[in-house]
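So the sequences go chain by chain: A and B.
Sequential numbering of the first sequence, starting at 1, is according to our numbering.
Sequential numbering of the second sequence, starting at 1, is according to our numbering.
Calculated from the structure, these hints are not laboratory results.
Errors might be hidden in some of the hints.
When chains are identical, the list treats them as one kind, so a pair holds in a single copy or across two.
Capping the alpha-carbon separation at 25 Å, the derived lysine to any residue pairs in SDA-like fashion look like this [stated by the list, open to error]: (1) LYS240 / LEU94; (2) LYS253 / ALA175; (3) LYS92 / ALA135; (4) LYS216 / ILE237.
2 protein chains.
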Amino acid sequence: MLRILFPYIFILLLVSGCGENSATTIETVDPLPSWQGDSRDALIEFVESVTNEGGANYVPPADRIATFDNDGTLWAEQPVYFQLIFAFDRVKQLADQHPEWQGDSLMSAAIRGDVKTVSGFGMGGLLKIVAASHAGMTTTEFEGIVTEWIETARHPVSGRKYTEMVYQPMLELLAYLRANDFKTFIVSGGGIEFMRPWAEAVYGIPPEQVMGSSIKVEWEESGDSFVLRRLPELNFIDDKEGKPVGIHYFIGKRPLAAFGNSDGDLQMLQWTDGREGPSFQMYIHHTDAEREWAYDRDSHIGGLDKGLDIAAEKGWVVVDMKNDWKTIYPPASE
Amino acid sequence: MLRILFPYIFILLLVSGCGENSATTIETVDPLPSWQGDSRDALIEFVESVTNEGGANYVPPADRIATFDNDGTLWAEQPVYFQLIFAFDRVKQLADQHPEWQGDSLMSAAIRGDVKTVSGFGMGGLLKIVAASHAGMTTTEFEGIVTEWIETARHPVSGRKYTEMVYQPMLELLAYLRANDFKTFIVSGGGIEFMRPWAEAVYGIPPEQVMGSSIKVEWEESGDSFVLRRLPELNFIDDKEGKPVGIHYFIGKRPLAAFGNSDGDLQMLQWTDGREGPSFQMYIHHTDAEREWAYDRDSHIGGLDKGLDIAAEKGWVVVDMKNDWKTIYPPASE
Chain A
1 MLRILFPYIF
11 ILLLVSGCGE
21 NSATTIETVD
31 PLPSWQGDSR
41 DALIEFVESV
51 TNEGGANYVP
61 PADRIATFDN
71 DGTLWAEQPV
81 YFQLIFAFDR
91 VKQLADQHPE
101 WQGDSLMSAA
111 IRGDVKTVSG
121 FGMGGLLKIV
131 AASHAGMTTT
141 EFEGIVTEWI
151 ETARHPVSGR
161 KYTEMVYQPM
171 LELLAYLRAN
181 DFKTFIVSGG
191 GIEFMRPWAE
201 AVYGIPPEQV
211 MGSSIKVEWE
221 ESGDSFVLRR
231 LPELNFIDDK
241 EGKPVGIHYF
251 IGKRPLAAFG
261 NSDGDLQMLQ
271 WTDGREGPSF
281 QMYIHHTDAE
291 REWAYDRDSH
301 IGGLDKGLDI
311 AAEKGWVVVD
321 MKNDWKTIYP
331 PASE
Chain B
1 MLRILFPYIF
11 ILLLVSGCGE
21 NSATTIETVD
31 PLPSWQGDSR
41 DALIEFVESV
51 TNEGGANYVP
61 PADRIATFDN
71 DGTLWAEQPV
81 YFQLIFAFDR
91 VKQLADQHPE
101 WQGDSLMSAA
111 IRGDVKTVSG
121 FGMGGLLKIV
131 AASHAGMTTT
141 EFEGIVTEWI
151 ETARHPVSGR
161 KYTEMVYQPM
171 LELLAYLRAN
181 DFKTFIVSGG
191 GIEFMRPWAE
201 AVYGIPPEQV
211 MGSSIKVEWE
221 ESGDSFVLRR
231 LPELNFIDDK
241 EGKPVGIHYF
251 IGKRPLAAFG
261 NSDGDLQMLQ
271 WTDGREGPSF
281 QMYIHHTDAE
291 REWAYDRDSH
301 IGGLDKGLDI
311 AAEKGWVVVD
321 MKNDWKTIYP
331 PASE
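The task is simple: from the sequences and hints, build the whole structure.
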């Protein structure tokens, strides 16, 4: 009998694995193996409720938009944002061509990787370093520079590649949401072109779903060839109130779910919270000094102060990294 | 025997109808019934070649990005851009609240729908009308205003709804490309928020794949509620060299195929043409004075001059609307 039924069982599996609601069917494998506790339960309860076709909270796939901050939400951000380390490395690499930087206290601090001195120069100093490290080349050249760095550079504390300092629980969450027909977007304060070269391989998020801060690019014709050249001029800051503004330009819909870890993500979470119908907000709270870092209200990087209060008030989910995540990073490559 | 094989045949059909390459299988229905001649052949040849998995021109689905201009490419644009008619209608509607407009030669011309006089005021005049008609309200309010207009307004010549002045052959082309795992985007000089409210229903293109020109929006908090308010200030002009720039910000990849109808689309087509590997460029040439409009080199709206020469030089496909399109518009609703 089983022999006769076998093709039909096979058909059943094919049907259930095909089309829009593939992941809402028979699930024998835990979709979030690195999660435990209340935040895990809240995620599963939310996803099941908005994908339950007969239910009161059902949301059609087209509106299942999930937005993720990057630094401190999808990958680590200590001791400083990884993009700043990239900028310092790049300045160091270019130093031979710029002997004048030796006499410049800002640029020589960048060459030494001296974050404290660089910070003293404020936004103006940072922009000067961005101009030196991120502008002047074509978009294609910059993509090559980022790709080479991300493949070779190592984190100063862990010795891991930066793409191995992504959070394993968040990789599972991204996959779980996509399996439930969510469209996943990055909405980062970091540079859009610093993330796009590797975000698809690492997070499964294609370039057109990666948004972030940007500098201006300019169309340049020379004879029969055309390039986009990166200019030393800010185009858009995708942080704080810039996040809902960027979401509006790029996506044109309010997210159904938003994930962040700092006050820079607060407006994105508030914008999502104001959506008509169901919505979901989650803060990753860095509470694990042993396996990662512990920081919140007073931190210069990824400060989470006002957001913690509002999360409590609103009932948003706050992930206690130390207790809610069984693992922090995926296995390192070597 | 057939009886025993039946389940397996069924499985075969399911497998072939499922997943990424669904449309490359058994096709008995003509995917482009309103097309004929060389441009039809070129489209089919191109799509078949980039989706042929063993072939030299194969392009994986993730890179099958197709970008479309809107005005004059997906829908008509005569006697003036439809968004300008919307702006005039809006100004007319607001005139009672602005008695001062009666003494203003620009605004009173807009109220009369007098395009010629308004044109005499140049870009400054246009921006004043945009400010009066497109700014001040929240993004949600503006969406409502556009939605109401698009559902009720009628074209001055055809008497049709504007969404019934989309091109039937282009609707077929959009569907054909998507069935072959292309991701279809609008890249329009028109306003992004003027298109998004109806583009999904009419073209099957969701808001996050609609890009265009935009004005600035501002995050506004009042107590516990948050809105984005539209400001009378330009944010981005998605025309000419703005098109590849916009594509770079929004998509981050060069399109595999690009479709336009005017010199405003030239740089988008050139950017696509410069892609490594195969690519496809198509100009819609308005040659049908009887069923639509005939215009090109000297037209104020949708001028196609330099583009025609470069298309000939580069061998881009130029659609002769009169001969290549069996139908122009879909059936009208009433």
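Hints versus structure:
For the homomeric pair LYS240 and LEU94, neither the shortest alpha-carbon distance inside one copy (32 Å) nor that between copies (34 Å) is at most 25 Å. Taking the closest pair of Cα atoms, LYS253 and ALA175 come within 25 Å of each other both inside a single copy (21 Å) and across two copies (23 Å). Taking the closest pair of Cα atoms, LYS92 and ALA135 come within 25 Å of each other only inside a single copy of the chain (15 Å); across copies the shortest separation is 47 Å, beyond that limit. Taking CA atoms no more than 25 Å apart as the test, LYS216 paired with ILE237 passes in both settings, with 11 Å inside one copy and 13 Å between copies.
Of the numbered hints given earlier, the model fails hint 1 alone.
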